[in-house]
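S.K.: Below, each chain spelled out in residue letters.
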Amino acid sequence: MMCIQSLLLMLLCVGVFSVEVQRPRGVPSWKRQFYEEGKPFTCLDGSRTIPFDRVNDDYCDCKDGSDEPGTAACPNGSFYCTNAGFRSTFIPSSRINDGVCDCCDTTDEYNSGAACQNTCREMGQKEREVMEKMAEIAKEGFHLKQQLIQEAKKSLEEKKTKMTDVQVNKKDLEEKVEALRTVKEAAEQPEKEAKERHLKAWEDNKALIRMEKDKARMAEVFLELDDNDDGFVSVAELLSHAEFDSDSDGTFTEEEAQGILGGVEKVDTLGFESIWNNVKERYVSETATDAAAPAEMPQEEIREPVPDNDSEHYPDDDIPEDEDEDDEDDEDDDPDDDYKTPPTTQTQEPKDDVDEGPMPPYDEETQLLIDSAQKARDEFDEAERALREVDDQIKNLEKEISFDFGPGLEFAYLYSQCYELTTSEYIYRLCPFNRVSQKPKYGGSETNLGTWGKWAGPEGDVYSAMKYEHGTGCWQGPNRSTTVKLTCGKETVVTSTSEPSRCEYLMEFTSPAACQEPSNSVSEHEHQEL
Amino acid sequence: MAPVLLLWLAVCLSGAWAVDRGNFKTCDQSAFCKRQRALKPAESPYRALLETMELTNTKLTLQLINDNNKVRLLLELYRLQGNMTRVKINELKPLKPRYEVPDVLIREPPTEPLSLLSQDENGVVLSLGAESQRVIVSARPFRLDIMEGREVVMSLNSRGLLAFEHLRMRKDTFSYKVTSTVASVWDNIKRVFTSQTEPEVEKNEEADPANQAETAKDEDKAVDGMWEETFKSHSDSKPNGPSAVSLDFSLPGVEHVYGIPEHADDLRLKTTDNGDPYRLYNLDVFQYELYNPMALYGAVPVMLAHNTHRTTGIFWLNAAETWVDISSNTAGKTVFGKMLDYVQGSSETPQTDVRWISESGIIDVFIMLGPTPTDVFAQYASLTGTQSFPPLASLGYHQCRWNYNDQEDVRSVDAGFDEHDIPYDFIWLDIEHTDGKRYFTWDPHKFATPKEMLQGLKDKKRKMVAIVDPHIKVDSNYKIHNEIRSRDFYVKNKDGGDYEGWCWPGNAGYPDFTRADMRDWWASMFAYDQYEGTMDNLHTWNDMNEPSVFNGPEVTMHKDAMHGDWEHRDVHNIYGLYVHRATAEGLIQRSGGTERPFVLTRAFFAGSQRYGAVWTGDNAAEWDHLKISIPMCLSLGLVGISFCGADVGGFFKSPGAELLVRWYQTGAYQPFFRAHAHMDTARREPWLFGPENTALIREAVRQRYTLLPYWYQLFYQAHRTGYPVMRPLWVEYPQDPATFAVDNEFLIGKDLLVHPVTEEGARGVTAFLPGKHEVWFDVHTFQKHNGAQNLYIPVTMSSIPVFQRGGSIIPRKLRVRRSSLCMEDDPYTLYVALNVQRTAEGELYIDDGHTFNYEKKEFIHRRLSFINNSLSSVNLAPDAQFTTASWIERIVILGASKPSKVIVKTTDGQESPVEFEFDASMSVLTLRKPGMNAGEDWTVTLQ
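These protein sequence lines are chains A and B, in that order. Position 340 of the first sequence, counting from 1, maps to 340 under the UniProt record's numbering, and the rest follow consecutively. Position 184 of the second sequence, counting from 1, maps to 184 under the UniProt record's numbering, and the rest follow consecutively.
Keep in mind the hints are simulated off the structure, nothing from the lab. For glycine and all other residues, C-beta sits at the position ideal for the given N, C-alpha and C. Possibly wrong hints are sitting among the right ones.
[To be verified] Now the in silico label distances, taken between C-beta atoms and shown as ranges:
| hint | chain 1 | residue 1 | chain 2 | residue 2 | range |
| --- | --- | --- | --- | --- | --- |
| 1 | A | Ser155 | B | Ala762 | 40 to 48 Å |
| 2 | B | Ser872 | A | Glu459 | 58 to 66 Å |
| 3 | A | Leu156 | B | Ala415 | 38 to 46 Å |
| 4 | A | Asp392 | B | Thr796 | 53 to 61 Å |
| 5 | A | Lys139 | B | Glu759 | 56 to 64 Å |
| 6 | B | Asn477 | A | Gln147 | 41 to 49 Å |
| 7 | B | Ala415 | A | Glu132 | 19 to 27 Å |
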C-alpha cells in the first residue's frame with residue numbers, strides 16, 4: 001500500500017518536475033539556487049547537509065523545514081504557490097494535501113484527491129478591478145484631501161486672526177466692566193441707606209403691633225385658664241393642661257404646675273404677665289387648636305422686599321460640556337437625591353403676613369435711588385456677560401487652533417459635524433472629536449457610545465483610527481467605547497457599525513482625509529510568475 | 001449560558017459576585033432532608049421477617065417490618081453477574097406505585113444464583129459465589145453485612161438509619177386543613193393545633209399495612225412540610241405527602257470516598273458532619289461557589305470507596321432530590337494522631353459511614369464489590385453503559401462564545417484561526433443564533449443563509465455546533481410549540497394544564513422528555529428537512545436541561561408538575577438525561593443511523609455517558625475555577641462520564657492573558673476542550689492577547705492535536721470498557737496512599753501524567769511522579785525521572801508539565817493541520833518510552849473517525865510492544881477490517897541505547913534497514929522514516 005503510494009507520488013513528482021524545470025515543489029524562483037538537483041542540500045539555516053534525494057521526500061530533516069518545501073512533513077515549513085495570474089504567496093506546509101484548496105493554482109493539493117479549480121485568472125482579474133477602483137478612489141480622495149488641507153490652513157489662519165481681534169476686544173471689555181462696577185457701587189450706597197431707613201421704620205411699627213397682639217392673647221389665655229373666673233390662675237386650673245408637663249414624663253404634677261406659676265399657688269393677671277413667656281410657648285387652647293404659633297420671621301422679612309440682583313444667578317456656563325451620561329444602567333448613580341422632598345415649614349408664614357400687613361411702598365425719594373442703582377447694575381451685568389462670551393470664544397478658538405487634526409489639518413473639516421448611519425435597529429451618530437451615540441430607531445433614549453479620546457491607529461498610521469471612550473457603563477462590563485476606523489473614500493460617510501465585543505463598538509468611516517497619495521505602480525506587489 | 005434574568009436578580013439581591021445562596025435550599029430548608037437528618041444512629045426499628053423469606057434462582061425476597069408503625073417493606077436481594085449485589089427495598093403494598101427509575105440500566109442486570117449457607121432465627125447467610133464472599137442478613141434489627149473471609153466489606157443499616165416514609169392517606173383532620181391553607185397562616189393555626197390532641201385514628205385495623213400505618217403513634221405527627229412545603233415564594237403542594245427513603249452504609253477500613261458528582265469540590269469527598277450533606281439535585285446555579293457541597297447542574301448517584309486493597313462502589317438508583325452524608329471516625333485526626341493510634345495499637349479500624357436520603361421513589365442500590373478500580377468501572381459500565389464513542393473531530397478544539405453575532409462574525413473568526421495557524425474543529429453558536437430563542441430556527445437577519453455558512457466550514461473540513469434547549473417558546477406562530485401542544489407533549493402543572501415557566505424566550509413550555517413518544521418526535525425534528533438550514537456538519541448542544549426555569553423554585557421546575565402519572569419530584573434528576581438522549585438519537589436518525597452524534601449537555605444523570613459530552617457549566621475566569629476543573633472532571637470520569645471539560649478561559653468575567661494561556665494549556669489535556677465566554681465579556685479569540693500569547697495558545701492547541709490518536713484510542717477503550725479517560729492517580733496506583741487525595745494533577749489513560757500550571761505567576765510546580773518502579777519521561781525534553789518522588793519543575797509561560805510513563809508507547813500525529821479531518825491520512829510518530837526492564841507497550845486504534853462502522857468491525861486495533869530490542873505491531877482484532885493511508889514516519893525510543901543497525905520487517909517478509917539518529921545526552925533513538933503502513937504487521941529490530 002505504502003509502496004504503491006510513494007511510487008505514485010514519485011511518478012507525480014517526476015511529472016511535475018518535467019514541466020517546472022529544476023525547481024523542487026514549493027520553492028519560489030528566487031530560492032531555486034539553494035536546491036541544486038543532484039547536489040547535497042544544506043538546510044537554509046545551515047544546520048545540516050543532506051543528500052538531495054531527501055529534499056521533498058516527505059520526512060523532515062531540517063529544523064527550519066527547508067528540506068520539505070513541497071510536503072507537509074515539517075511543522076514549520078512553508079509552501080510557495082506561484083498562482084500565475086494572481087498574487088503568488090506562501091502557505092504553511094500543513095496546508096499541503098489537506099483536502100482544502102488554498103492556492104488558486106491548485107498546486108497545494110497534488111495528492112489529496114481534492115477537486116480544486118484553478119481560479120487565479122478570475123481572482124487576478126477581480127483583484128485588479130478592485131485595485132483599480134480603489135486607486136481611482138484614492139486619487140480623487142487625495143485630491144479632495146489637498147483641498148481640505150488648503151481650506152483647513154486658511155481657516156486656521158482666519159481663526160488666528162480672529163483670536164487676535166477677540167483678545168483686543170476682551171481687553172476693552174475688561175476695562176468697561178471695571179468702570180461700570182465703580183458706577184454701580186456708587187449708586188448702590190445711597191440706595192442701601194435709604195432702604196435700611198425705610199425698613200427700620202417698618203420694623204418698629206411691626207414690633208408695636210406684635211406686642212399688642214401678644215397682650216391680647218395673654219388676656220385671652222388667662223381667661224381660658226381661669227376656669228372659675230376668680231381672677232386667678234391656680235395650680236389646679238393649670239393641671240388640666242398636660243402640655244405644660246415640663247419633664248414630659250407623662251404626668252403633670254402639682255409641683256411642676258407650681259413651678260410654672262413661679263413657685264406660688266396662683267397668680268393674678270399681673271403675676272400671669274411675668275410668667276407669660278413661659279406659658280405661651282406651650283399653651284394649647286382649649287377651644288381652638290389653631291392657636292397661632294409665635295411669629296418668627298424676621299429674616300424672611302428682610303429678604304422679601306429687597307430685589308437684590310445678585311450676579312450669581314447667571315447660568316454658570318452655556319457650553320454643553322458633557323451632556324451627562326444618560327444613566328440607564330448605572331444604578332448607583334441615582335439614589336433618591338433627585339426626589340428628596342423640599343423642606344415643608346412655610347405653613348404659617350402667609351398668615352403672619354396678612355396679620356401684620358405687607359411692607360408699605362417706598363417713598364418717592366427712595367424709589368428714585370433704587371431705580372438709578374438698578375440701572376447701574378443692569379449695565380454692569382450686561383458688560384460682564386459680554387466679557388464672558390468673549391472668554392468662551394477664546395477658549396473655543398484656542399481648542400480648535402491647538403487640536404490635532406492630522407499632519408495637514410485634513411481632519412479639521414469634521415470638527416463640529418455629525419454623521420449618521422441607520423441600521424435595522426438603531427441610528428448611530430458620529431460627531432467626530434466629540435462623541436458617538438446610538439439611538440433606537442423606534443423610540444427610546446440615546447446611549448453614549450463614548451466621547452472623544454484619542455487617535456488610535458497603529459504606530460506610524462495613528463490617524464487611521466479614532467477612539468471614543470467612557471460612554472455609558474455596561475452591567476458587569478466596561479464603559480461603552482467605540483473605535484472608528486477611517487478609510488479612504490470620496491465621501492465622508494459612516495459605512496458600518498458593529499459590536500464585536502459587548503459594549504465595544506466598531507465603526508467604519510470613510511473620508512477623503514484618510515486617503516494617501518496613490519503610488520503610481522498598482523501592480524507593484526503583484527508578484528506574477530508565468 | 002447565563003440566565004440574564006437571574007443576573008438582574010443577583011444584582012438586586014446581593015450585588016456581591018458569587019452565588020446567591022439564598023436561592024437554593026439547605027438541608028434544613030428541604031423538609032424531607034431535615035426530617036431524615038433529624039434521625040440519629042440508633043437501633044433500627046426494622047426487623048426482617050425470616051419466615052417470609054423466599055429464595056429463588058435469581059433472588060432472595062424477604063419482608064421487613066417497622067416495629068414502630070407496622071408498615072411492611074419488601075426486600076429483594078440479587079447477586080449480579082460481575083461481582084455485584086443489588087438491594088431493592090419498596091413498600092410491600094404501597095398505596096400507589098412508587099417510582100422506579102427506568103431507562104438508566106442498559107438491561108435488566110443478569111443475575112447469578114445465591115445459595116443459602118446457613119440460617120437460624122437471627123438471620124441467614126448467603127454465598128455470593130467465589131472468594132468466600134457472603135452476605136449476612138440479620139433479622140433483629142435488620143441489617144446486611146457483606147463479608148469476604150472474616151472481613152466486613154460493607155454494612156447496610158448498621159447504624160439504623162433505614163427509613164422509608166410509606167405513602168399514606170391525607171386525613172381530613174386539622175393537619176389536612178392546615179396544609180390546605182396558605183403557609184402564612186400556619187403559625188396562627190399551629191397554636192391551636194398544639195393544644196389539640198392528635199386526632200383519633202381509625203379503630204378498625206386492617207391487614208393492609210398502608211392502613212395499619214395509620215395506627216402509628218409518633219410517625220404520623222404532622223411534621224412541618226409533610227403535606228406542603230414552601231420555599232421563598234414557591235409552594236410545593238405535595239399531594240402524595242411524605243415519601244422519603246434513606247439508608248446508611250458503613251465502610252470499614254475505608255478513609256477515601258469519591259464520586260457523587262456534580263460538586264465544585266475536591267476529588268476526595270469530605271465529611272459532612274459540620275455542614276450540609278452533598279446534594280444531588282440538577283440546578284442551574286448562577287455563578288457557583290467552589291469547595292462546597294451545593295448541588296450543580298448534574299447528578300450521578302454513584303460513590304466509590306477505596307483503600308489500599310479494595311475498591312468498591314455504591315450506585316443509588318434514584319432520580320429524586322438526594323442528599324448524601326459522609327462521616328468518618330478518622331476525619332479530623334492528624335497524621336500524627338493516626339500514627340499514635342497505630343503505635344499504641346488502640347486505634348479502632350478507620351471507617352467511613354455514608355448515608356443516602358432521597359425525597360421519593362424506592363431504595364434500589366447496586367453494590368459494586370470491585371475489588372480493583374477497573375473492576376468497579378467495568379461493573380458500573382455493565383449496569384449503565386459506557387461512554388459513547390465520540391466522533392474524532394469532537395476531541396479537537398472547540399471555539400465557542402455567547403455569541404458569534406452573525407455569519408460574517410463566524411466567517412471572520414474562522415479566518416482568524418487560519419491566519420494565526422491555530423487548528424480547530426468546531427465553532428459554536430449560542431442562543432442568539434435563533435429567531436427569538438425559538439430553537440430549530442435561525443435568526444433571519446444574522447443567520448440568513450446557514451447552509452452557506454456550514455458549507456463554508458465544511459470546505460475547510462470544520463464543523464459547527466448550534467444550541468437547542470428544551471424550553472419551548474409559547475408562541476402560536478412557532479411550529480415546534482404548536483406540534484408539541486397538539487400532541488399534548490408538554491409537562492403538566494399540578495392542575496393539569498401545560499406547565500409554563502420563564503426562560504430565555506420568555507414564557508416557555510417544557511416538553512415531557514420522560515415520554516418515549518415525545519423523545520421520538522423530538523428526535524425526528526433533527527431531520528434535515530425538519531430542522532431547516534442544517535447539514536451533516538452541524539451538531540448540537542443541550543443547555544438549560546436541569547431544567548432551568550427562571551421563575552421556578554430554585555430556578556427549576558415545580559416538584560408537583562406532572563410527567564404523566566409521575567411527579568416532577570420523582571424524575572427531576574433524569575430529565576436532563578432524557579433531553580440529551582432524544583437529541584443524540586435525533587442526530588443519529590438524521591444520518592440514517594450511520595453517523596456518530598456529538599451532543600453536549602449541561603444536566604446529566606447516571607447513564608448520560610451514553611449520549612455524549614458534559615461540561616462543568618457556567619464557571620468563571622478565576623484561578624480557582626481553573627484548578628477545580630481537574631477534580632470536577634476526575635469525579636465525573638470515575639462514574640462513567642469521561643467526555644468532560646470546563647469552559648476554557650472561564651465563562652463569567654474576562655481572564656487576563658496569563659490565566660487564559662494557562663487555561664488553554666490545561667484544557668488541551670482534558671477530554672472536552674472548548675473555550676467559551678459570556679456575552680458581557682471582552683472578545684477573547686486566541687489572537688487577541690498579543691503575538692506572544694497567541695503563540696503560547698497555538699502551541700497548547702497543537703499539542704492537543706498531536707495527541708489526538710492517543711485520545712481517540714482512549715475513548716475507544718472507554719467506550720469498550722467504561723474505564724475513564726482522565727484518571728485520578730489512585731486509579732492506576734491503588735496501593736499507594738500518597739496518590740489517594742491528589743487532584744492537582746491527573747493521568748490521561750495510564751501513560752500520560754499531566755500537572756498543569758494553575759497558579760498565577762508560577763515559577764515552578766511540584767509534580768508527584770507515582771510508582772516505585774516507574775520511570776517518567778518529560779515529553780518535551782525527554783528527560784528521565786524516577787517514580788515515587790515529588791519533582792520540582794521550574795516553569796515558564798510555555799511550560800505544560802507532561803510526562804510519559806516508561807513502559808508505554810504513545811502514537812502521535814506531528815503534522816498538525818487546520819482540523820482533525822485534515823490530518824486523517826497523516827503518518828504516525830510512535831513514542832516508545834522504555835521502562836527499567838527495557839520494555840514498552842501501547843495500542844493504536846484507527847477507524848473512519850465518524851461512523852458506526854466500527855461496530856461492523858471496520859477498524860484497525862493494534863498492539864504495539866517493545867521487548868528484547870524489537871518493536872512489533874500485532875493485530876488485536878483479527879476479525880476487523882479497515883485500511884488506512886497512514887504510515888509510520890518516525891519512531892522515537894526514549895531511554896534507548898545506540899544500536900548498530902535497525903531492520904524493519906513487513907508482512908511480505910521483506911527486510912530493509914532503517915536509518916536512525918541517536919542522541920546520547922538524553923538516550924533518545926529516532927528511527928527515520930521506517931515507512932510501514934499503520935494497519936499492517938511489522939517488526940522493527942534494533943541490533
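S.K.: It remains to establish, for every hint, whether it holds in the given structure.
M.R.: Evaluated hints:
no.: 1; hint: A:Ser155 / B:Ala762: 40 to 48 Å; verdict: violated (59 Å)
no.: 2; hint: B:Ser872 / A:Glu459: 58 to 66 Å; verdict: holds (59 Å)
no.: 3; hint: A:Leu156 / B:Ala415: 38 to 46 Å; verdict: holds (43 Å)
no.: 4; hint: A:Asp392 / B:Thr796: 53 to 61 Å; verdict: holds (58 Å)
no.: 5; hint: A:Lys139 / B:Glu759: 56 to 64 Å; verdict: holds (58 Å)
no.: 6; hint: B:Asn477 / A:Gln147: 41 to 49 Å; verdict: violated (55 Å)
no.: 7; hint: B:Ala415 / A:Glu132: 19 to 27 Å; verdict: holds (25 Å)
Checked against the numbered hints above, the structure violates hints 1, 6; every other hint is satisfied.
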